[in-house]
Each structure stands twice: as C-alpha cells, then as structure tokens.
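Given next are the chains, with one letter for each unit.
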Amino acid sequence: MSLARRIIPCLDVDKGRVVKGVNFVEIRDAGDPVEIARRYNEAGADEITFLDITASHESRDTTYETVERMAGEVFIPLTVGGGVRHVGHIRNLLNAGADKVSINTAAVHHPEFVREAAERFGSQCIVVAIDAKRVSGEGETPRYEIFTHGGRNATGLDAVEWAKRMADYGAGEILLTSMDRDGTKSGFDLGLTRAISDAVPVPVIASGGVGNLQHLVDGVLEGGADAVLAASIFHFGEYTIAEAKDYMRDHGIVMR
Amino acid sequence: MQEVAIIDYGMGNLHSVGKAIERVAPEVRVSITDQYERVRAADRVILPGVGAMRDCMAEIRRLGVDDWVREVVEQKPLLGICVGMQALMAASEENEGTEGIGMLPASVRFFGHDLREDGQRLKVPHMGWNQVFQTAAPALWRDIADGTRFYFVHSYYVEAEGNANLAGRCHYGVDLAAAVAAPNLFAVQFHPEKSHDAGLKLLRNFIDWDGSL
Numbered sequence: 000m001s002l003a004r005r006i007i008p009c010l011d012v013d014k015g016r017v018v019k020g021v022n023f024v025e026i027r028d029a030g031d032p033v034e035i036a037r038r039y040n041e042a043g044a045d046e047i048t049f050l051d052i053t054a055s056h057e058s059r060d061t062t063y064e065t066v067e068r069m070a071g072e073v074f075i076p077l078t079v080g081g082g083v084r085h086v087g088h089i090r091n092l093l094n095a096g097a098d099k100v101s102i103n104t105a106a107v108h109h110p111e112f113v114r115e116a117a118e119r120f121g122s123q124c125i126v127v128a129i130d131a132k133r134v135s136g137e138g139e140t141p142r143y144e145i146f147t148h149g150g151r152n153a154t155g156l157d158a159v160e161w162a163k164r165m166a167d168y169g170a171g172e173i174l175l176t177s178m179d180r181d182g183t184k185s186g187f188d189l190g191l192t193r194a195i196s197d198a199v200p201v202p203v204i205a206s207g208g209v210g211n212l213q214h215l216v217d218g219v220l221e222g223g224a225d226a227v228l229a230a231s232i233f234h235f236g237e238y239t240i241a242e243a244k245d246y247m248r249d250h251g252i253v254m255r
Numbered sequence: 000m001q002e003v004a005i006i007d008y009g010m011g012n013l014h015s016v017g018k019a020i021e022r023v024a025p026e027v028r029v030s031i032t033d034q035y036e037r038v039r040a041a042d043r044v045i046l047p048g049v050g051a052m053r054d055c056m057a058e059i060r061r062l063g064v065d066d067w068v069r070e071v072v073e074q075k076p077l078l079g080i081c082v083g084m085q086a087l088m089a090a091s092e093e094n095e096g097t098e099g100i101g102m103l104p105a106s107v108r109f110f111g112h113d114l115r116e117d118g119q120r121l122k123v124p125h126m127g128w129n130q131v132f133q134t135a136a137p138a139l140w141r142d143i144a145d146g147t148r149f150y151f152v153h154s155y156y157v158e159a160e161g162n163a164n165l166a167g168r169c170h171y172g173v174d175l176a177a178a179v180a181a182p183n184l185f186a187v188q189f190h191p192e193k194s195h196d197a198g199l200k201l202l203r204n205f206i207d208w209d210g211s212l
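Here the protein sequences come in this chain order: A and B. Under numbering that gives the first Met the number 0, the first residue of the first sequence is numbered 0, with each subsequent residue one higher. Under numbering that gives the first Met the number 0, the first residue of the second sequence is numbered 0, with each subsequent residue one higher.
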C-alpha cells in the first residue's frame with residue numbers, strides 16, 4: 000500500500016501556552032504553541048494535534064485565537080480537541096482553521112452528538128478520542144473499558160464496542176489512548192491498538208506510552224495503527240521527526 | 000493587483016486555503032466571498048468543499064454557484080479542491096445519486112465498505128499522504144517531482160480509468176483521479192493547502208497559470 004503512515008506530534012495547551020514547554024534548539028518561545036507547531040511543520044510532521052487541556056469557558060477564546068494563528072503558519076492538517084461539547088464549538092474551531100475536531104467526554108455523555116457533528120460537518124473532520132484501560136486480570140481474555148476524566152471515571156463501556164459504535168455514528172477517525180500506558184514511556188498497549196484497529200473501518204491513531212522509536216514501529220506493525228501520536232519524545236528533543244521517519248522506513252513502513 | 004476569489008458557500012475551511020494563497024502569493028488579493036460580483040471581478044477563482052457532496056450541491060444550487068462556475072471557466076482559471084472537484088463532475092453515487100455541476104463527464108464513486116489491496120483491508124476514508132503521478136497539465140506541476148505525496152481525506156473518488164481529463168493519478172485500492180484538467184479548469188482531490196511545500200507550490204502554479212493546457 001502506498002498510503003504513508005503518519006507521525007503526529009501532540010501539543011497539550013493550557014490557556015494558550017504549551018504545558019511543560021519543549022526543548023528545541025534555538026526556539027524563541029518554548030511555550031508558544033504556534034512557534035512549536037511551525038517547527039514541527041518544517042521538521043516534516045504529517046499532522047499536528049492540539050489538545051486544549053483547560054478548555055474552560057474563558058480559555059475558549061484563547062484557543063480560537065491560537066488555532067487561527069497556527070492555521071496561518073502551518074500547512075499540514077491540524078486537529079484540535081479538548082472540551083468540545085457543542086456544535087458551536089466545532090463550527091468555531093473549523094472556522095478558525097482546524098481541519099479536524101476531536102470529541103472525547105461529550106461523546107460518552109451524549110453519543111448522538113457525534114452523529115449530529117458528522118452529519119453537519121462531515122465525517123472527515125470528526126475524530127472521536129477514546130481513553131481506554133484494561134479491566135481484565137492477568138491470564139484472562141483482554142477486555143478494555145472506556146474511562147473519562149484522565150482515567151479516573153469508569154463508564155462500563157467496552158472499548159471495542161464503543162469504537163465500532165462511534166465509527167458507525169460517523170467518526171472519521173479514532174484517536175485511541177491507553178490510560179495504562181499514557182506517560183509511562185513503555186510503549187503503546189499493542190493488544191488494545193490491534194483490537195480497535197481490526198474492529199473499525201476508519202483510521203486509528205495510537206497514543207499513550209511512546210518512549211522510543213521502536214514503539215512507533217510496533218504501533219504500526221503489531222498494533223495496526225494508521226498513525227502514531229507522541230508528545231514528550233519529540234518535545235524534549237530525544238528524537239527528531241526525521242529520525243523517527245527514517246527508523247520507521249528502515250523497518251519497512253511507508254512514510255512521507 | 001490580481002485578485003483570487005474563494006467561493007464561500009458555507010461548506011468548509013476557507014481560512015486555510017486563503018492563508019495558503021497569501022503565503023505563496025503575497026501580491027495577490029484574496030477574497031472569500033458568496034457574492035457573484037466579487038467572483039465576476041476576480042482574475043481567478045477557487046471552489047473548495049468538504050463534507051457530503053449532496054449538501055455541497057444543495058448550497059451550490061441555492062446560491063447559483065453552478066452558473067458562476069460555468070461562466071468563470073469560459074473566462075478565467077478555476078481551481079476545484081476535494082468535494083469542490085467532485086462537484087464539477089456529472090454525478091456522484093453519494094446518497095443514492097447526486098447530480099453535479101457537470102463541467103466534466105466523469106462520475107464520483109464510493110470506495111465501498113470492503114476496499115482491499117493484496118488481501119489487506121484498507122481504511123475508509125482514504126486519509127493521509129499518498130503519491131500523485133502526473134499525467135497532464137505540466138504548468139500546474141511545475142517544480143513538483145512526479146510521485147510527490149499530497150494530503151488526502153475522502154470517501155468518494157473520481158475514476159481515473161477512461162478519464163479523458165486525468166491530470167494526476169493516485170492509487171488506493173483503486174486507481175483514482177488525484178487531479179483533472181481542462182482549459183481554465185484544474186481540480187484536485189487532495190488538499191494543496193494542507194500538503195506542505197508541494198501543496199503550496201501547486202497553489203503558486205495555479206496563480207501563475209494562464210488557463211491553457
């Protein structure tokens with residue numbers, strides 16, 4: 000297949016500033032999401048994801064402004080998520096220049112919102128973000144459930160069934176985060192990634208746990224992910240996007 | 000001052016297309032408009048579009064954009080992007096048949112729910128960076144290497160096989176038209192405004208195009 004797999008750096012943004020900053024050589028403002036996005040754009044990132052982690056009412060206007068500035072500088076696809084609850088949020092983000100909008104908690108509380116959003120704006124711009132945790136014990140058949148609020152609140156929803164339902168409702172892509180692996184740098188949950196990727200007809204972005212370049216390769220070859228998302232390994236300059244692409248290419252993965 | 004009109008019929012991210020043109024052609028005035036007068040006054044015109052072709056066509060007809068497009072192509076260059084390209088075709092399979100503007104005879108088809116390549120299932124939408132092989136309209140591909148990757152996101156496609164207007168070919172389970180061309184008309188399935196340097200280059204080439212093939 001000649002379609003390239005994608006590498007997506009993710010920026011966590013709080014009140015218009017990138018959380019934890021980044022460690023690039025010669026960056027003027029390590030907290031400015033626009034500056035960082037511009038660097039990733041130049042470095043060969045295939046897309047950029049922007050997660051507004053505050054997403055309070057006050058911060059929304061800041062987000063729209065940031066997205067608008069970013070869209071004027073970055074000529075690769077831009078996904079924006081965090082606190083998206085209304086059709087009005089989606090419209091504002093798309094008008095500001097986002098290409099895709101990611102819906103997370105609101106989909107769990109009100110699944111019809113995904114259907115409404117996809118019908119209104121088209122599946123191509125609706126991403127459903129799924130935060131999943133393994134709930135089966137050692138030696139049992141693996142089972143994963145959907146969690147909200149950063150992995151604290153269980154919903155009782157089976158992750159595979161939920162992903163299928165979301166694709167059915169019109170999600171054009173699934174952003175899948177393993178809450179067990181997020182922040183651990185021990186690699187994607189490959190069982191989870193494979194289960195979801197095989198279950199849905201739409202592309203799946205694997206997220207949560209990347210600590211080295213082999214993890215990216217495993218996410219694609221073993222997990223079946225169409226795209227891989229990572230934050231810290233790129234932000235802190237451990238690896239460049241180019242190094243990641245070369246490594247993946249060397250392992251037989253088609254890259255841009 | 001040269002002016003480019005981007006037709007705003009309520010379907011899509013026009014901001015990005017406008018910003019990309021401003022980036023590659025600072026000397027050009029960009030107007031995002033739903034007014035016939037602006038389209039008529041412009042030197043060249045862009046027809047974008049995302050989402051469902053049925054919804055796009057409904058708005059195109061409601062505003063009379065189909066008539067504007069026919070007039071534009073008689074006089075000056077038009078660039079169709081994504082569903083803006085599909086809308087220029089005769090018809091689409093979408094929603095059990097949607098009639099297009101009919102500038103070109105090709106039809107728009109669905110990838111299907113079981114798209115395969117070498118026994119592997121392919122995800123739909125076709126989303127990401129895929130290679131485009133140039134077949135015609137060299138002025139638009141100037142300084143872009145054959146086989147360069149552009150960013151696609153779509154579930155319907157214009158057939159490449161037997162397409163007399165084919166200008167660029169892409170393969171994803173099937174051969175699809177990545178670009179089509181006719182005098183004063185160039186249209187792409189991918190998003191040049193999201194395709195990094197190659198996409199920006201193509202937009203610059205469109206600004207410089209005299210409309211002839």
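Keep in mind the hints are simulated off the structure, nothing from the lab. Nothing here was measured: the structure is a model prediction, and the numbers come from that model. Among the clues, some could well be false.
[Unchecked claim] Which stretches of chain A does chain B cover? Using the computed rule of at least three CB atoms under 8 Å from a CB of chain B, they are: (1) 1-12; (2) 70-79; (3) 93-104; (4) 121-135.
C-beta: ideal position from N, C-alpha, C; glycine also.
(request) Give me the numbers of the hints this structure contradicts, sorted from smallest to largest. (result) none
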